[in-house]
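S.K.: Sequence:
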Amino acid sequence: MATLLNGCVIALSGKFEDTHESTRYISNSNLSRHREAKIGALIKKNGGKNSTKISREEEGLWVTHLITTAQSIEAQTEKVQEASNFPDIKIVSFDWLTASISSQTRANEAQFSLGQTDSNQDDAASSMGHTNSEENATKGKGRKRSRSPAPINDKPPEVEEAKDQPSVKKYKDVQRAKSGSLVIPVDETCPLAGNYRVYIGEDGMIYDATLNQTNAGLNNDKFYRVQLLVSGAGDYQTWTRWGRVGESGKGVTLGNGSLEVAMVSFEKKFKEKAGVTWSNRFSIPIGNRQKRYYTFIERKYEDDSDDDAEHLPVASSSGASKNGVTFSPVKRADSALPKSVQRLMELIFNQQHFADTMRELDYDGNKAPLRKLTKRMLDRGFELLGEIEELLMDPSAAYEKHDLTWDDAMAACSNEFYTIIHHDFGRSRPPVTWSDEMLKKELNLMESLSDMKIAHTIMKGTKGQDTVNTLDRHYSGLGLQEMIPLNITSDEFTLLQDYLIKSHGHTHHLSFKVQDIFRIERKGEKERFRKSPYAKVKGSDRRLLWHGSRVTNYGGILSQGLRIAPPGAPVNGYAFGKGVYLADISSKSANYCQSHASSNTGLLLLCEVELGKPMFELETGRSDAAELAKQRGCIATWGKGATVPMGWKDAGCVNADLAGVMMPDTTREPGPANYQASYLQYNEYIAYDIAQVKLRYLLRVEMTQSGHGY
1 MATLLNGCVI
11 ALSGKFEDTH
21 ESTRYISNSN
31 LSRHREAKIG
41 ALIKKNGGKN
51 STKISREEEG
61 LWVTHLITTA
71 QSIEAQTEKV
81 QEASNFPDIK
91 IVSFDWLTAS
101 ISSQTRANEA
111 QFSLGQTDSN
121 QDDAASSMGH
131 TNSEENATKG
141 KGRKRSRSPA
151 PINDKPPEVE
161 EAKDQPSVKK
171 YKDVQRAKSG
181 SLVIPVDETC
191 PLAGNYRVYI
201 GEDGMIYDAT
211 LNQTNAGLNN
221 DKFYRVQLLV
231 SGAGDYQTWT
241 RWGRVGESGK
251 GVTLGNGSLE
261 VAMVSFEKKF
271 KEKAGVTWSN
281 RFSIPIGNRQ
291 KRYYTFIERK
301 YEDDSDDDAE
311 HLPVASSSGA
321 SKNGVTFSPV
331 KRADSALPKS
341 VQRLMELIFN
351 QQHFADTMRE
361 LDYDGNKAPL
371 RKLTKRMLDR
381 GFELLGEIEE
391 LLMDPSAAYE
401 KHDLTWDDAM
411 AACSNEFYTI
421 IHHDFGRSRP
431 PVTWSDEMLK
441 KELNLMESLS
451 DMKIAHTIMK
461 GTKGQDTVNT
471 LDRHYSGLGL
481 QEMIPLNITS
491 DEFTLLQDYL
501 IKSHGHTHHL
511 SFKVQDIFRI
521 ERKGEKERFR
531 KSPYAKVKGS
541 DRRLLWHGSR
551 VTNYGGILSQ
561 GLRIAPPGAP
571 VNGYAFGKGV
581 YLADISSKSA
591 NYCQSHASSN
601 TGLLLLCEVE
611 LGKPMFELET
621 GRSDAAELAK
631 QRGCIATWGK
641 GATVPMGWKD
651 AGCVNADLAG
661 VMMPDTTREP
671 GPANYQASYL
681 QYNEYIAYDI
691 AQVKLRYLLR
701 VEMTQSGHGY
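When the count follows UniProt numbering, it moves up by one through the sequence shown with no breaks and lands on 710 for the last residue.
Think of the hints as simulated: they come from the structure by calculation, not from any bench. Keep in mind that this is a model prediction, so the values were computed, not measured. Certain hints may be false.
As the list claims (entries may be wrong) - With a Cα cut of at most 27 Å, we get these calculated BS3-like pairs of lysine-lysine: (1) Lys513 / Lys630; (2) Lys375 / Lys453; (3) Lys178 / Lys222; (4) Lys526 / Lys578; (5) Lys222 / Lys15; (6) Lys401 / Lys375; (7) Lys613 / Lys526; (8) Lys502 / Lys367; (9) Lys300 / Lys172; (10) Lys440 / Lys401; (11) Lys53 / Lys15; (12) Lys172 / Lys460; (13) Lys526 / Lys401; (14) Lys538 / Lys300; (15) Lys178 / Lys53; (16) Lys502 / Lys538; (17) Lys441 / Lys578; (18) Lys271 / Lys178; (19) Lys401 / Lys578; (20) Lys250 / Lys440; (21) Lys453 / Lys441; (22) Lys460 / Lys222; (23) Lys536 / Lys649; (24) Lys172 / Lys49; (25) Lys460 / Lys523; (26) Lys38 / Lys15; (27) Lys453 / Lys222; (28) Lys526 / Lys649; (29) Lys44 / Lys15.
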């Protein structure tokens with residue numbers, strides 16, 4: 001029996017193309033999986049073992065080599081990332097295997113190394129004295145893999161991630177205490193709770209980790225909690241607790257009183273459950289979900305001492321809690337705002353509407369209240385939806401990107417999404433089969449959570465200023481340059497009201513009653529436009545167009561402006577690509593207000609937008625419209641509808657500041673277009689840069705729906 005590869009346990013990752021050397025040992029095949037099987041047989045023929053996984057501890061198999069490709073290294077596939085966590089795994093090219101067989105001598109891996117990252121090499125060097133004796137003492141079946149322990153004072157995760165991902169986003173590290181007086185609650189079931197506190201390192205690192213594992217297919221929702229605790233007498237222990245969410249579960253205390261042992265226990269337990277080191281807690285590969293590892297849930301510790309109630313004036317004053325939102329009566333100072341603006345603030349920051357929106361979108365605000373959501377969690381939610389979309393569009397991405405089958409990759413992405421973005425499906429199981437419609441619903445949830453989170457931040461930021469009225473504080477938090485209520489008898493009000501009512505689509509079953517109209521200006525928007533290339537665009541085409549959204553989104557919209565979905569978000573959720581969507585038919589935008597969720601009251605924006613001439617024209621949706629428009633030198637797309645305004649006029653008739661901006665002439669009802677429209681009922685306009693858009697008016701409208709139609 002061949003002994004060339006005795007003691008070698010070899011895993012494979014990547015597509016191994018036919019080369020002169022490879023064809024000497026395995027027959028040609030265009031299917032990478034078939035070639036992988038042949039390579040595995042070649043390994044066994046020469047005395048080695050082939051493993052489909054990096055870690056098979058339960059079988060006593062420890063991978064010694066990962067044969068991969070430069071493409072897999074660049075793509076950082078799941079196996080590459082996992083192997084990089086173990087300094088003793090040799091990551092080599094297929095040429096190492098062929099060279100070894102050709103010479104019948106095991107080739108020097110260094111000559112064929114595809115390399116570990118600098119951080120892995122540093123970890124390996126620092127751990128040599130700590131692990132080599134153990135490795136030498138226990139070889140063969142059952143030996144323990146040497147692993148690089150993270151240092152006690154970890155570098156910030158932003159620094160760790162930046163080594164491998166130069167363009168990685170920078171996030172606020174909420175795992176580090178800003179104040180030396182911060183006290184983190186000990187887990188409520190821990191028997192040491194009375195005399196111990198959570199340990200905070202000299203660098204501010206908070207040694208408290210909550211991990212979750214949601215498995216939609218098995219209808220499992222499990223947690224794992226690990227804390228490093230210290231007593232006033234300097235005794236250090238590690239506490240762990242695990243079980244199903246909603247149950248107390250089981251717990252155990254580890255340690256002998258020393259910080260070193262407690263730290264090792266903390267980091268070991270975290271690595272066992274998360275599959276990555278504590279310092280890499282934000283870099284968990286998709287494949288880890290399929291291996292039944294847990295997901296680290298980021299927490300915002302600085303808010304833990306705040307009351308759940310935000311002290312907003314809402315209809316209920318019972319002090320009851322609903323969907324993670326607590327309501328309580330408030331004694332307010334007098335407001336300096338006009339009555340209509342006061343009513344608007346009550347609407348935008350109404351927590352009952354927040355709770356209703358979360359419930360309608362199947363979000364569990366009890367498990368994950370808005371105050372606990374972080375920017376990193378929201379961005380990751382968008383990214384996971386993007387991963388799911390990619391798998392739906394290109395099933396081969398499952399293997400090429402994640403080293404998984406399509407079913408496993410979809411399950412892994414779904415499970416991580418449901419773990420990070422908590423849902424409440426009642427007695428039903430989380431859906432595991434995704435569709436375009438489901439993707440759009442979850443995208444709607446993510447956008448709503450992002451805006452509601454901003455509104456929540458505004459409420460937090462203005463809390464506690466007892467000398468100022470609550471509504472005035474919230475208005476101030478929006479940071480608007482101006483918000484001027486229009487006189488109901490003014491021409492400006494009348495013309496805008498006409499634009500709303502007389503640009504109604506004939507297929508829409510909404511009736512409108514204008515309650516208030518506000519002329520608005522966001523700080524910096526005029527200056528942003530003036531400095532942008534759109535201020536001097538050749539062939540200017542500026543229009544006054546509608547945009548509708550849920551009332552719960554307006555805390556984010558008014559304070560941050562209309563935004564474009566982040567890069568990682570799905571593209572197919574947007575008919576014409578990622579951009580700002582506007583309409584010239586009021587009811588087209590009004591349908592997006594979902595006014596039924598806010599007591600039949602909706603908010604509509606009128607925006608000045610530079611569309612440029614010519615626009616990129618389409619008669620049906622294309623998710624790559626943004627790229628196609630750019631290729632043709634266009635800054636906006638026009639989705640051509642069948643029913644359109646019959647004429648346009650200068651909006652300077654509404655306000656002199658709008659001179660040169662065009663709006664529909666409402667003396668004539670919308671009618672059939674003078675071109676053949678194949679798909680869209682009404683026009684859609686999509687701007688691909690937020691600098692093209694300025695918010696001009698906000699209309700508060702009573703909307704009554706008697707049927708359906710979009």
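S.K.: Indicate, hint by hint, whether the structure satisfies it.
M.R.: Results for each hint:
1. Lys513 / Lys630: violated (40 Å)
2. Lys375 / Lys453: The hint holds at about 9 Å.
3. Lys178 / Lys222: violated (30 Å)
4. Lys526 / Lys578: Holds - the C-alpha atoms of Lys578 and Lys526 are around 23 Å apart, at most 27 Å.
5. Lys222 / Lys15: Measuring from Cα to Cα gives roughly 35 Å; hence the hint is violated.
6. Lys401 / Lys375: Distance of about 25 Å is within 27 Å: holds.
7. Lys613 / Lys526: holds (21 Å)
8. Lys502 / Lys367: violated (45 Å)
9. Lys300 / Lys172: The given pair, whose Cα atoms are some 10 Å apart, holds under the 27 Å limit.
10. Lys440 / Lys401: holds (23 Å)
11. Lys53 / Lys15: Holds, at about 16 Å.
12. Lys172 / Lys460: Satisfied, since the Cα-Cα distance of roughly 17 Å is no more than 27 Å.
13. Lys526 / Lys401: This hinted pair is violated, its Cα atoms lying about 43 Å apart.
14. Lys538 / Lys300: violated (48 Å)
15. Lys178 / Lys53: With a Cα-Cα distance of about 41 Å, the restraint between Lys178 and Lys53 is violated, given a limit of 27 Å.
16. Lys502 / Lys538: violated (32 Å)
17. Lys441 / Lys578: holds (16 Å)
18. Lys271 / Lys178: Status holds; Cα separation ~26 Å.
19. Lys401 / Lys578: holds (24 Å)
20. Lys250 / Lys440: Roughly 39 Å between the alpha carbons, so the hint for Lys250 and Lys440 is violated.
21. Lys453 / Lys441: Holds: Lys453 and Lys441 sit about 18 Å apart, inside 27 Å.
22. Lys460 / Lys222: violated (31 Å)
23. Lys536 / Lys649: holds (22 Å)
24. Lys172 / Lys49: Violated. Lys172 to Lys49 sits at ~45 Å, over the 27 Å cutoff.
25. Lys460 / Lys523: holds (21 Å)
26. Lys38 / Lys15: Roughly 13 Å separates the two Cα atoms, so the pair holds.
27. Lys453 / Lys222: holds (26 Å)
28. Lys526 / Lys649: holds (22 Å)
29. Lys44 / Lys15: Roughly 20 Å separates the two Cα atoms, so the pair holds.
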